[in-house]
Amino acid sequence: MSQGKSEERTLTDNLNQNVQLIQQAFFHTEDLVVESVTFGGEEGQILYIDSLVDKDKVMEFIIRPLKSSKVKNALEALQVSEDKQTGTVHTLVSELLSGSCAFLLEGQETAILASVPVEEKRAIKEPDSEHIISGPHDGFGESMVTNMMLLRKRIKAPSFKMKKYVFGELTDTNVALMYIDEVIDQKVLHHIEEKLDGVHLQDLQTSTGLLEVIQDNTHSPFPQALSTERPDRAASYLLEGKAVLIVDGTPEVLVLPTTFFAFYQSVDDYSMHWLVGSFFRIIRLISFLIAVTLPAMYIAIVSFHPEILPLGLLYSIRTSIEYVPFPPILEALLMQFILEILKEAAIRLPSPIAQTIGIVGGLVIGTAVVEAGLVSNTMIVIIGLTAIASFAAPFNQMAVISRLLGFVSMIAAFLFGLFGIAIILMAIIIHLCKLESFGEPYFAPLAPLRSNEMGDFILRKPNKNGTSPN
Amino acid sequence: MKNGRLLTKLQIYLMIIQAQLGLGMLSLPNILEKQVNQDAWISVLVASVLVQMTLVIYWLLLKRFPGCSYHELTQIITGPFLGKTINIVNYAGYMIIGTYTMILLVQLVNDWLLPFTPVWAIALLIIVLSMYLVVQDYAVFARYLVVLSVVLIPVFLLIIIALFQIPLEPRNLRPVGGEGVLSIIRASEGALFAVLGFEILLFIGPYVHMKNSKLLRTFSLANATIALLYIVVVVLCIMVFSPDVLKQVREPVLYMIRSLSFKAVDRIDLLFVFIWLSPMTASIMIYLLIASKSLMGEGKSFQTTVLLSGVIIYIATIFSSYSEEALQLYGQILKYVIYTVVFFFPTMLLLLSYLLKKKKVNT
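Sequence order for the protein chains is U and R.
In terms of our numbering, the first sequence opens at residue 29 and continues consecutively.
In terms of our numbering, the second sequence opens at residue 9 and continues consecutively.
Check before you lean on any hint, since a few could be wrong.
[Stated by the list, open to error] Only pairs whose alpha carbons sit at most 25 Å apart, straight line, appear in this in silico DSS-like list of lysine-lysine:
#	chain 1	residue 1	chain 2	residue 2
1	R	366	R	71
2	U	223	R	308
3	U	489	R	17
FYI, nobody ran anything at the bench for these hints, they're computed from the structure.
Model, not experiment: these values are computed from the prediction.
Using the sequences and the accompanying hints, generate a full structural model.
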């Protein structure tokens, strides 16, 4: 590969040869602009990649000063904040790719690099996937620097540190590891750094891509780092002593290590009265249990243990499933599939069409399917409840996982009834007990039991980390 | 010793409770009633006193050899050869108790939840689950047992509901002590088997680091809690059922729960079995764990031992469930196994360690 060769190559004192060398390194791409300038009587060339630099800046701070300058030294003539010199083609190439402009002068073996990147920014707005009712409404964007700014604005401690990594041979993606040095557990930090040091990637585009390489257990369905687009959430975890990974180009920021229960906490818990906040947390945790077990319970009871239900209820259920041609398991799987398809179809459509799909899919098909006798009433109720319960999770990652586990427990219930569900639930709990997120137990503070952390786990205890004036 | 893996007081307390709960509770009133009628609850009391004494012996061992697991301790006291022999006997003993628990559990599932599902399928699920947990070793195991404590909530709720909903007959309890001291003590053997599982404490050594007095207090508190729970359950059953019925129903606790009636749920007992499955499988997991621990300490060889032992339990369960004779044989040797492994060996080791003045020197 030419990149390997260009690594050893250095510039010569022949201007034309230098320009050719660089053009070769870029495989003669056409957006590499070469402009001639004369500086102090000598001939020079300015090189930059068209799409990566701000042309106004190039004109104003590089070409114009060079042309009108009286100084002999080109470095002094340039009016940009970041400039440096290099003699190797490799550095030159990578600098050009990150938005620099190179100035080559006849008879010089080094090029002057001036950083003039084009800055295209999206306005800071609230993330769509993590709406809250009360609390701040800003969100992370694609630019790593902006994201860091959003966090720095919230945390002004001098010990709030940043460590930069670059991953991806082809993408050269910047990754920032941020943490508050006096709060974070050094052991955890060490674990994370060790993982990051061992990363070798061909390309890196999403934060999930990075997470999949660094997480402890790749096969676990549970996400081992929390990815959020909310700076307030990231900041509050930083203050608790977690680290944050920002991948340039993605608004999702990773918080690690995390716990299972963090996925059921929302930032608005803290901007509401603590009783209200605790109430919603309990509701969310119950909704996880419902999403995993409700359809399975229904299948187990209807097909194995109908005697659990009182006669009246049993009778009405029996009459509703009397003419349904499928066994309960198929019925449930069918409805769950339809639901997932509806969700997939609606999610990528513009919202007016998505609403139509929702109405047609939900109301029309739902009613018609019952009237046609394909699915029973009770099953519609069960599946509807399950879907709503799964969406009550504040994070979409967890919502999907709870529905997936729901499928597993449905199959277990179909094969072994209540016994099957018990086995699946035990297996999930064992797995959660075993799972670790960057060396920290995932199911904490429940397993291992940490009574001092219990206050902010299911309940949201009132703020006591300060004193009032009295 | 890895930091952060140490158990706290609360964890140990909940762990012992979970270890002792299990299959035994469901049929305890029936077993005792057969022998001592209305005095069944006194037998539970006697049994818990015996357990307390055993716990003190265990505690003394732990105290004398801090940071040591049981399988290391045997070799320190009696030397490598005898120690290994004892470990192998322990292994066999725990395996037999574990297998027996497994057989009973499969039977219970067959009786109450899945009458037509074959034994091999039920046992397979249970053993695979157990192996999955036990290969993770002690730290994860302790975490899991603590999480399981959640199942205590429905038990307490049901007891309270039963107290108010079912007509109770306090006269069933009289005459107190009418069966004579000797037979009460003899019957406590049955209760003893219901509270087994605390042997896990012998292997707790490397995972605790606290004041010895605190440790003993935690042990005693857990034992007292279980004793109280069992006495309440037994007394309730005696008051709910007439003596003749109680002698005939095999799982009186479940039948008692069955008689509770709710508008939305008719057979609450099935839901109770559903919840109770987790402490019952936990007993099997405990024996799988301590059996493997007595052979191999930690690491890869431990995991292989767990897997192998799991397979052995599975095969033994299937064989004995298809032949009455094997099951009877099991029942007969079980008693001696328990006495040897749970009571005799630790006591003997403690005495030997005093006689030979062996003690672990703190490094």
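Hints, verified against the model:
no., hint, in the structure
1, R/366 - R/71, "12 Å, holds"
2, U/223 - R/308, "24 Å, holds"
3, U/489 - R/17, "24 Å, holds"
Violated hints: none; the structure is consistent with every hint.
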